[in-house]
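Chains A and B, in that order, give the protein sequences. When you read off a place in the first sequence, starting at 1, and then add 65, the result is the number in the working numbering. When you read off a place in the second sequence, starting at 1, and then add 65, the result is the number in the working numbering.
Worth flagging that the hints you see were computed from the coordinates, not collected in a lab. There may be inaccurate statements among the hints.
The list treats identical chains as interchangeable, and a pair is accepted whether it falls inside one copy or across any two copies.
[Stated by the list, open to error] Here are the simulated EDC-like cross-link-like pairs (lysine to aspartate or glutamate), alpha carbons at most 20 angstroms apart as the crow flies: (1) 400 with 208; (2) 421 with 391; (3) 313 with 440; (4) 197 with 212; (5) 359 with 239; (6) 249 with 440; (7) 118 with 93; (8) 105 with 93; (9) 198 with 394; (10) 430 with 403; (11) 306 with 102; (12) 265 with 239; (13) 441 with 70; (14) 359 with 212; (15) 249 with 204; (16) 359 with 323; (17) 359 with 403; (18) 265 with 121; (19) 421 with 323; (20) 313 with 426; (21) 400 with 218; (22) 197 with 403; (23) 265 with 440; (24) 430 with 72; (25) 313 with 188; (26) 441 with 426.
Protein chains: 2
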Amino acid sequence: MSSIDLEGLLQAIRTVSGLEREWVGLHEPIFQGNEWEYVKECLDTRWVSSVGKFVDRFEIELAQYTGTQRAIAVVNGTAALHICLQLVGIQANDEVLIPTMTFIATANAVAYCNAIPHFVDSEEKTLGLDPKKLENYLDRICDLRPEGCFNRDTGRRIKAIIPVHTFGHPVDLDELVKVCDRFKLELIEDAAESLGSFYKGRHTGNWGRVSALSFNGNKIMTTGGGGAIVTNDKDLASLAKHITTTAKVSHPWAFNHDRIGYNYRLPNLNAALGCAQLEQMPEFLAKKRAISQKYHQVFNQVQGVSFFLEPEFSRSNYWLNTILIDRTEVEQRDKILERTNSQGVMTRPVWTLMHKLTMFENCPKMDLSVAEDLEKRAINIPSSVFLAEDDES
Amino acid sequence: MSSIDLEGLLQAIRTVSGLEREWVGLHEPIFQGNEWEYVKECLDTRWVSSVGKFVDRFEIELAQYTGTQRAIAVVNGTAALHICLQLVGIQANDEVLIPTMTFIATANAVAYCNAIPHFVDSEEKTLGLDPKKLENYLDRICDLRPEGCFNRDTGRRIKAIIPVHTFGHPVDLDELVKVCDRFKLELIEDAAESLGSFYKGRHTGNWGRVSALSFNGNKIMTTGGGGAIVTNDKDLASLAKHITTTAKVSHPWAFNHDRIGYNYRLPNLNAALGCAQLEQMPEFLAKKRAISQKYHQVFNQVQGVSFFLEPEFSRSNYWLNTILIDRTEVEQRDKILERTNSQGVMTRPVWTLMHKLTMFENCPKMDLSVAEDLEKRAINIPSSVFLAEDDES
Ligand SMILES: Cc1ncc(COP(=O)(O)O)c(C=O)c1O
Ligand SMILES: Cc1ncc(COP(=O)(O)O)c(C=O)c1O
Chain A
66 MSSIDLEGLL QAIRTVSGLE REWVGLHEPI FQGNEWEYVK ECLDTRWVSS VGKFVDRFEI
126 ELAQYTGTQR AIAVVNGTAA LHICLQLVGI QANDEVLIPT MTFIATANAV AYCNAIPHFV
186 DSEEKTLGLD PKKLENYLDR ICDLRPEGCF NRDTGRRIKA IIPVHTFGHP VDLDELVKVC
246 DRFKLELIED AAESLGSFYK GRHTGNWGRV SALSFNGNKI MTTGGGGAIV TNDKDLASLA
306 KHITTTAKVS HPWAFNHDRI GYNYRLPNLN AALGCAQLEQ MPEFLAKKRA ISQKYHQVFN
366 QVQGVSFFLE PEFSRSNYWL NTILIDRTEV EQRDKILERT NSQGVMTRPV WTLMHKLTMF
426 ENCPKMDLSV AEDLEKRAIN IPSSVFLAED DES
Chain B
66 MSSIDLEGLL QAIRTVSGLE REWVGLHEPI FQGNEWEYVK ECLDTRWVSS VGKFVDRFEI
126 ELAQYTGTQR AIAVVNGTAA LHICLQLVGI QANDEVLIPT MTFIATANAV AYCNAIPHFV
186 DSEEKTLGLD PKKLENYLDR ICDLRPEGCF NRDTGRRIKA IIPVHTFGHP VDLDELVKVC
246 DRFKLELIED AAESLGSFYK GRHTGNWGRV SALSFNGNKI MTTGGGGAIV TNDKDLASLA
306 KHITTTAKVS HPWAFNHDRI GYNYRLPNLN AALGCAQLEQ MPEFLAKKRA ISQKYHQVFN
366 QVQGVSFFLE PEFSRSNYWL NTILIDRTEV EQRDKILERT NSQGVMTRPV WTLMHKLTMF
426 ENCPKMDLSV AEDLEKRAIN IPSSVFLAED DES
């Protein structure tokens, strides 16, 4: 007999996400600042495309907000990851360590470079990758040579690692940096979900040589579709801008390009939205925190599940609030998902683990038992900023 | 002694592009329709991202407008070409025939597939590739086998061809289709520049198995940044939609992906702009035609250059108006470019030919003498729709 009361659980979510709402999504945007003013300015000035003052401004303000030296706005977070990998010198057939528990974009970006994802386990404390377990694993499988770290089994170079700050919660970056230093791994943070999340007082995205952000419609703030590369390395920043603008060599009229490049620049129209949203981040974060605190409270009364709290070393944006089902109750997961979704309360499990997908099933991997456990237990619940409004109908 | 009168030429451009304008660009957008209304609706309804009614509507209306069965909106024309190549089954190491005289995106898209661009010459009649010259060339270098067409020299399969409708002028599609049939080549039209251009009464993009459009800020209509795949093959259309939405398998909550996919969907915000712009295409086309007619007239009086006219089998959108310098005067090209640009009248030569760029210089190519000749002679002149307004300041 299950100890989870489905109706009680549904009621708990509704207490926070709005008792009167007929339908509540997982994460929807809200536009109550200067969005319309800025977007209108784009149309009025006819600067809607890849050059324009909002792109410049958005890049400057993103760098300020994240405390990085430079930000390069791009069409989305996937494009940002793709370019990050090129910036750190990923070559065809290199292996790149990524958590098996992540959104598909992390693995796809590796595949775009003709490189091979190598799947790493997570830890329950952060929902992100486990530096200690990783170190032990690399100790067992790697050859450390002057040219880098090699997988003894496949013979391939392991060149980089992409930790993901899952649902906004930072991984243990200090511990991870130690592992990267020891094994000569380039560090790229997938900070797509962690805008507004801080690790030991500093914004995520500052530990990677380059890091990726996303402003997709479901993120804490949005540009419609969009993303950014942030970095403290100004040379890499210039290179990022070059590669994302078709590698065109600057000239008043001639069209020369000096390498394979991409049309990855964020349009000014989308950057205008981004500027307005970024101004509201302090307010968004306060509201997100209020929502997570309410959830924490109500879930204290619900048997069989626990509300996931930020790791003690971090201040998280609580992008997607998460509950973990007790290990004894994992067979209830799909019932919870079915019941809530059928009642108009959108919930979802974590992504199908990457190593289980057809196109990645033959990629190298370590023991992934913690991720497998979390996959059975984690459920995301409605988390939109506007759920914190007092009198929204 | 040159017979080109630089001041006379500058004056000729100014007569059409506005005598009082201090600065005139090559092609700038104009927003005088429902742009505001639709964009505001996006913000008000909070549907700004990759799902939304304007995306659906834009796709339906694009298909109607181009007379194709289906259109799939994507982040830009480069992404559209990339996916088109995947849709026709391009594999690593295949060769893809493309004109050497094109924008970098055509060649880059081939490179993204780890395939090899094989450069083809142009003809002066269309500024696009020359089907007859191509056929003779393929006759000489190819082995036709049951599995396809093979380059005898490199041993690689020649799998597809991407004609470009240069500056909006359609290539001779009927002749090209014959060559494709004979040599079993998949046809992809790069119609990035030819929205509103018709070949023998039918819209460009209908001859390719799949074709690519662009709505970049400099195109005849814009979405800020954007593009589309159009096709008459409904199965390929469904596949295109699948691949461009991360190949996610539809499910109320589970995240499964069945192949390497892309985040290439056009945001609803940009599609809203697109819907408003598309409504104005008839007006845009009429104005573009009026501009090109005026240019044609004034350039009749200018020695040493001629105004490029649409091929007789087509009705062109005259996206970028073009003059050709007489062969005896080609050393004047840079002087014309310098003088006009320094006077605030933006002009530019064609793109540096692809086979001259470092990253493509070792790719296979045929004799490219016509393109080399056109590169020395062609200059684009200001062509924005609003140049046709009577009383614009
Ligand atoms: C962990 C992670 N990485 C990468 C991305 C890719 O970002 P985008 O959707 O903007 O391409 C996302 C968001 O969708 C994400 O959640
Ligand atoms: C011939 C041609 N192909 C492809 C593209 C790529 O389109 P986009 O700039 O939207 O990526 C363009 C336009 O820039 C183009 O002119």
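Hint check results:
1. 400 with 208: Neither: 46 angstroms inside a copy, 60 angstroms across copies.
2. 421 with 391: neither (23 angstroms within a copy, 63 angstroms between copies)
3. 313 with 440: The answer is between: 18 angstroms across copies meets 20 angstroms, while 44 angstroms in one copy does not.
4. 197 with 212: Neither way: residue 197 and residue 212 sit 24 angstroms apart in one copy and 52 angstroms across, limit 20 angstroms.
5. 359 with 239: Neither: 30 angstroms inside a chain and 67 angstroms across chains, both beyond 20 angstroms.
6. 249 with 440: neither (30 angstroms within a copy, 48 angstroms between copies)
7. 118 with 93: Close across copies (16 angstroms), not inside one copy (27 angstroms); limit 20 angstroms.
8. 105 with 93: Intra 22 angstroms, inter 17 angstroms, cutoff 20 angstroms: inter-copy only.
9. 198 with 394: This pair counts as neither: shortest intra-copy Cα distance 26 angstroms, inter-copy 71 angstroms.
10. 430 with 403: Answer is neither: 31 angstroms inside a copy and 58 angstroms across each miss the 20 angstroms cutoff.
11. 306 with 102: This pair counts as neither: shortest intra-copy Cα distance 27 angstroms, inter-copy 33 angstroms.
12. 265 with 239: Within. Shortest intra-copy distance 9 angstroms satisfies the 20 angstroms Cα cut-off; inter-copy 66 angstroms does not.
13. 441 with 70: within (18 angstroms within a copy, 77 angstroms between copies)
14. 359 with 212: neither (51 angstroms within a copy, 64 angstroms between copies)
15. 249 with 204: within (13 angstroms within a copy, 53 angstroms between copies)
16. 359 with 323: Intra 54 angstroms, inter 38 angstroms, cutoff 20 angstroms: neither.
17. 359 with 403: For residue 359 and residue 403, the Cα distance exceeds 20 angstroms both inside one copy (23 angstroms) and across copies (66 angstroms).
18. 265 with 121: neither (29 angstroms within a copy, 44 angstroms between copies)
19. 421 with 323: between (39 angstroms within a copy, 11 angstroms between copies)
20. 313 with 426: between (38 angstroms within a copy, 16 angstroms between copies)
21. 400 with 218: neither (41 angstroms within a copy, 62 angstroms between copies)
22. 197 with 403: Cα proximity of residue 197 and residue 403: none, with 36 angstroms in one copy and 62 angstroms across.
23. 265 with 440: neither (27 angstroms within a copy, 57 angstroms between copies)
24. 430 with 72: neither (39 angstroms within a copy, 69 angstroms between copies)
25. 313 with 188: Neither, since 43 angstroms and 26 angstroms both go past 20 angstroms.
26. 441 with 426: within (19 angstroms within a copy, 53 angstroms between copies)
Comparing the model with each earlier hint shows violations of hints 1, 2, 4, 5, 6, 9, 10, 11, 14, 16, 17, 18, 21, 22, 23, 24, 25; every other hint is respected.
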